[in-house]
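Enquirer: One-letter residues, chain by chain:
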Amino acid sequence: MVALARKTLIYEWRRFLPAVLAVGFAGLLQLLQAALVLGIFGGAAVYITCSDADVWVGYPGTQSVDQGHPISPDVAILLHMDPQVDRVESFLWVNGDWHGGGTGAVSVFVSGIDPGPHGLMFVRALSPRLRARLTAPDAVIVDRADLGKLGVAVGGSATINGRRVRVVGVASGLRALGGVNVVASLETARRLDPDPVDAGRPTYLVARLRDPARASFVVDALRGHKGFGPYEAWTAQAFTRRSMLFWLFDTGAGAGVLFLAGIVFLVGAVITSQALVAAVIGSVREYATLNALGVGVRALRWVVLEQALWVGAVGLAGATVLGTLLILLARGEDVPVVLNVPVTLGCVLLVLALAATSGLASMRSLRRADPATLLR
Amino acid sequence: MITSDNARPVPALVARDISKAFVSGQIRTTVLDRLSLEVMAGEMTLISGPSGCGKSTLLSILSGLQSVDAGVVHALGERINDMDKRALERFRLHHTGFVFQGFNLFPALTAYEQVALPLDYLGLHRGVARERAEAALAEVGMASRMHLRPMELSGGEKQRVAIARALAKEPALLFADEPTSALDADNGQMVIDMLHHIARRHGTTVLCVSHDPRLIGHADRLLTMEDGRILEDRRATRTVDATLATESR
Numbered sequence: 001m002v003a004l005a006r007k008t009l010i011y012e013w014r015r016f017l018p019a020v021l022a023v024g025f026a027g028l029l030q031l032l033q034a035a036l037v038l039g040i041f042g043g044a045a046v047y048i049t050c051s052d053a054d055v056w057v058g059y060p061g062t063q064s065v066d067q068g069h070p071i072s073p074d075v076a077i078l079l080h081m082d083p084q085v086d087r088v089e090s091f092l093w094v095n096g097d098w099h100g101g102g103t104g105a106v107s108v109f110v111s112g113i114d115p116g117p118h119g120l121m122f123v124r125a126l127s128p129r130l131r132a133r134l135t136a137p138d139a140v141i142v143d144r145a146d147l148g149k150l151g152v153a154v155g156g157s158a159t160i161n162g163r164r165v166r167v168v169g170v171a172s173g174l175r176a177l178g179g180v181n182v183v184a185s186l187e188t189a190r191r192l193d194p195d196p197v198d199a200g201r202p203t204y205l206v207a208r209l210r211d212p213a214r215a216s217f218v219v220d221a222l223r224g225h226k227g228f229g230p231y232e233a234w235t236a237q238a239f240t241r242r243s244m245l246f247w248l249f250d251t252g253a254g255a256g257v258l259f260l261a262g263i264v265f266l267v268g269a270v271i272t273s274q275a276l277v278a279a280v281i282g283s284v285r286e287y288a289t290l291n292a293l294g295v296g297v298r299a300l301r302w303v304v305l306e307q308a309l310w311v312g313a314v315g316l317a318g319a320t321v322l323g324t325l326l327i328l329l330a331r332g333e334d335v336p337v338v339l340n341v342p343v344t345l346g347c348v349l350l351v352l353a354l355a356a357t358s359g360l361a362s363m364r365s366l367r368r369a370d371p372a373t374l375l376r
Numbered sequence: 377m378i379t380s381d382n383a384r385p386v387p388a389l390v391a392r393d394i395s396k397a398f399v400s401g402q403i404r405t406t407v408l409d410r411l412s413l414e415v416m417a418g419e420m421t422l423i424s425g426p427s428g429c430g431k432s433t434l435l436s437i438l439s440g441l442q443s444v445d446a447g448v449v450h451a452l453g454e455r456i457n458d459m460d461k462r463a464l465e466r467f468r469l470h471h472t473g474f475v476f477q478g479f480n481l482f483p484a485l486t487a488y489e490q491v492a493l494p495l496d497y498l499g500l501h502r503g504v505a506r507e508r509a510e511a512a513l514a515e516v517g518m519a520s521r522m523h524l525r526p527m528e529l530s531g532g533e534k535q536r537v538a539i540a541r542a543l544a545k546e547p548a549l550l551f552a553d554e555p556t557s558a559l560d561a562d563n564g565q566m567v568i569d570m571l572h573h574i575a576r577r578h579g580t581t582v583l584c585v586s587h588d589p590r591l592i593g594h595a596d597r598l599l600t601m602e603d604g605r606i607l608e609d610r611r612a613t614r615t616v617d618a619t620l621a622t623e624s625r
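If you read the protein sequences in the order shown, they are chains A and B. Numbering follows the numbering used here, in which position 307 of the first sequence is assigned residue number 307; successive positions increment by one, without gaps. Numbering follows the numbering used here, in which position 53 of the second sequence is assigned residue number 429; successive positions increment by one, without gaps.
Because the hints were derived from the structure by calculation, they are not lab data. Small disclaimer: the values here were computed from a predicted structure and weren't measured. Among the hints, a few may not be true.
[Unchecked claim] Simulated restraints, written as ranges between beta carbons of each label pair: (1) Met1(A) - Ser412(B): 38 to 46 Å; (2) Arg241(A) - Val504(B): 57 to 65 Å; (3) Ala463(B) - Gly256(A): 49 to 57 Å; (4) Ser557(B) - Leu325(A): 51 to 59 Å; (5) Leu258(A) - Arg455(B): 54 to 62 Å; (6) Glu12(A) - Arg577(B): 30 to 38 Å; (7) Met527(B) - Ala253(A): 49 to 57 Å; (8) Arg241(A) - Arg506(B): 53 to 61 Å; (9) Arg506(B) - Leu325(A): 43 to 51 Å; (10) Ala463(B) - Leu328(A): 53 to 61 Å; (11) Arg364(A) - Ala446(B): 26 to 34 Å.
[Stated by the list, open to error] Keeping only pairs whose Cα atoms sit at most 25 Å apart, straight-line, the calculated SDA-like set for lysine to any residue is: (12) Lys7(A) - Leu498(B); (13) Lys149(A) - Val335(A); (14) Lys461(B) - Ala299(A); (15) Lys7(A) - Pro526(B); (16) Lys461(B) - Tyr497(B); (17) Lys7(A) - Ser530(B); (18) Lys226(A) - Ser216(A); (19) Lys7(A) - Gly478(B).
For each residue, glycine too, the CB sits at the ideal point set by N, CA and C.
All chains should be built: construct the whole structure from the sequences, respecting the hints.
Expert: Given below as structure tokens:
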């Protein structure tokens, strides 16, 4: 089979370049937007995704991890009763105002965690040596990228809710959405909590299971026990999703993202289809000759669609290379960007759909390939 | 003409009382007016006449590229004026070749690929298609240049590739519309010789529309048209006989 679509694309690459660029940049924009959305809104769930807990227990109806309320510490008993549960820890969430370094008040979220070597919280962000430093009184750790905002350096002091803290180290991957994450030991965090109602009560209880695959069974088993005050349990995965979706949609950001994705798709499709139409019209006499020779319109349409899909594939390859470079650059600059397989696949499908839509739109111009017009 | 003395030539194309008009706004222009015609198999028939006389329209109707307003068209025994678009495409794929004034070659394809492309759609086995394409290119004298693209070919060579593209399908009917008008004298002559040769060697029915007087000497039959009608119908042999008769007097 003579690869007419592919050979024309290669030989007349200048004609197809606008289409390839349109598809490529549309793909790149979708990809980077998805990476930023995942990165930024993934920050809402950084407490869950950076930790080793399989089950989270918090106040009923909590929509996002940062919206927690204290629960009874007795729920830990329930957790310990389940033979699947390997380890249970308290996690304390304290909202605070940071003063220091002449930056004025900065809103911070203090995470009180077990700093022990077997602690579950923030195991993916804090090395055992770093977390061991949290055992010192008033010690806190912040994200490296937040140092400037907080106006301190490592070893520097500031106050949270009027109580002195000392920055004993920095980590990366701790950036929060709408504030600054500060990690402290449970003891330090309790001292920073001004609300007496919270005294001795954790915001969450987190548990590691012997078999993480059993998480949903453990969550089911935790339901319906009375006498422990209000509580609700989620698997880590479900709670991550809940937190991200809350930020994505309840803040209106999700609608904005979807709107932008729609615009990118539309603009990309318009430019691509116009470039493909020009390419079809440029070869319309040749197509008409093929039709005169008996090559059906359906077969010619397939050539146009194939060309469009090749344009999509080439554009996608360019977008992948450029996107990877930009994401690496962004990571180097501590810009929160995250890509996962389903979202990347989604972007790929969207770009191919864009190319196919443009191809279908440009097929209309094949109607000009009427062989009778070749006779004069 | 390849017919034995006692065999009646068979018409490959038959048109009965065909009419065609084009409407542009309020104006209706009759292009063909109740025209009837038989084109014999294995002959090279030339249609000539002034611009606008309807010769190209007649060619497009006889080749199944355009429909008629009235009348009946048979090609190779099939009534083609009733066929739907798909059936017509299938008929053209299997039975017809075209050579146009413009060469209409894909810039990206080599001469070989131009010729092999329509064969792909015929569903031929790869080896058969290759053989046919190479043979057709050899027949038009392009075997040594079959890996070149249109950009690297002269006008005459491009037209030879276009002829090979039509020829490789081994069509029973070959339609040519002004095949020499974009060519210089030498190349024009070469194309004329080739069309003549195709009719002789393959028994292909060649129907050619042209102004070119050089073609007249090569045609088995010459039809002269004017205002949508056939004014004159001459056979080459008769022309020669008439010339001899005049000389003997």
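Enquirer: For every hint, state whether the structure bears it out.
Expert: Structure-based check of each hint:
no.: 1; hint: Met1(A) - Ser412(B): 38 to 46 Å; in the structure: holds, 43 Å
no.: 2; hint: Arg241(A) - Val504(B): 57 to 65 Å; in the structure: holds, 59 Å
no.: 3; hint: Ala463(B) - Gly256(A): 49 to 57 Å; in the structure: holds, 54 Å
no.: 4; hint: Ser557(B) - Leu325(A): 51 to 59 Å; in the structure: holds, 55 Å
no.: 5; hint: Leu258(A) - Arg455(B): 54 to 62 Å; in the structure: holds, 57 Å
no.: 6; hint: Glu12(A) - Arg577(B): 30 to 38 Å; in the structure: holds, 37 Å
no.: 7; hint: Met527(B) - Ala253(A): 49 to 57 Å; in the structure: holds, 53 Å
no.: 8; hint: Arg241(A) - Arg506(B): 53 to 61 Å; in the structure: holds, 58 Å
no.: 9; hint: Arg506(B) - Leu325(A): 43 to 51 Å; in the structure: holds, 44 Å
no.: 10; hint: Ala463(B) - Leu328(A): 53 to 61 Å; in the structure: holds, 58 Å
no.: 11; hint: Arg364(A) - Ala446(B): 26 to 34 Å; in the structure: holds, 32 Å
no.: 12; hint: Lys7(A) - Leu498(B); in the structure: holds, 20 Å
no.: 13; hint: Lys149(A) - Val335(A); in the structure: holds, 15 Å
no.: 14; hint: Lys461(B) - Ala299(A); in the structure: holds, 14 Å
no.: 15; hint: Lys7(A) - Pro526(B); in the structure: holds, 14 Å
no.: 16; hint: Lys461(B) - Tyr497(B); in the structure: holds, 17 Å
no.: 17; hint: Lys7(A) - Ser530(B); in the structure: holds, 22 Å
no.: 18; hint: Lys226(A) - Ser216(A); in the structure: holds, 20 Å
no.: 19; hint: Lys7(A) - Gly478(B); in the structure: holds, 22 Å
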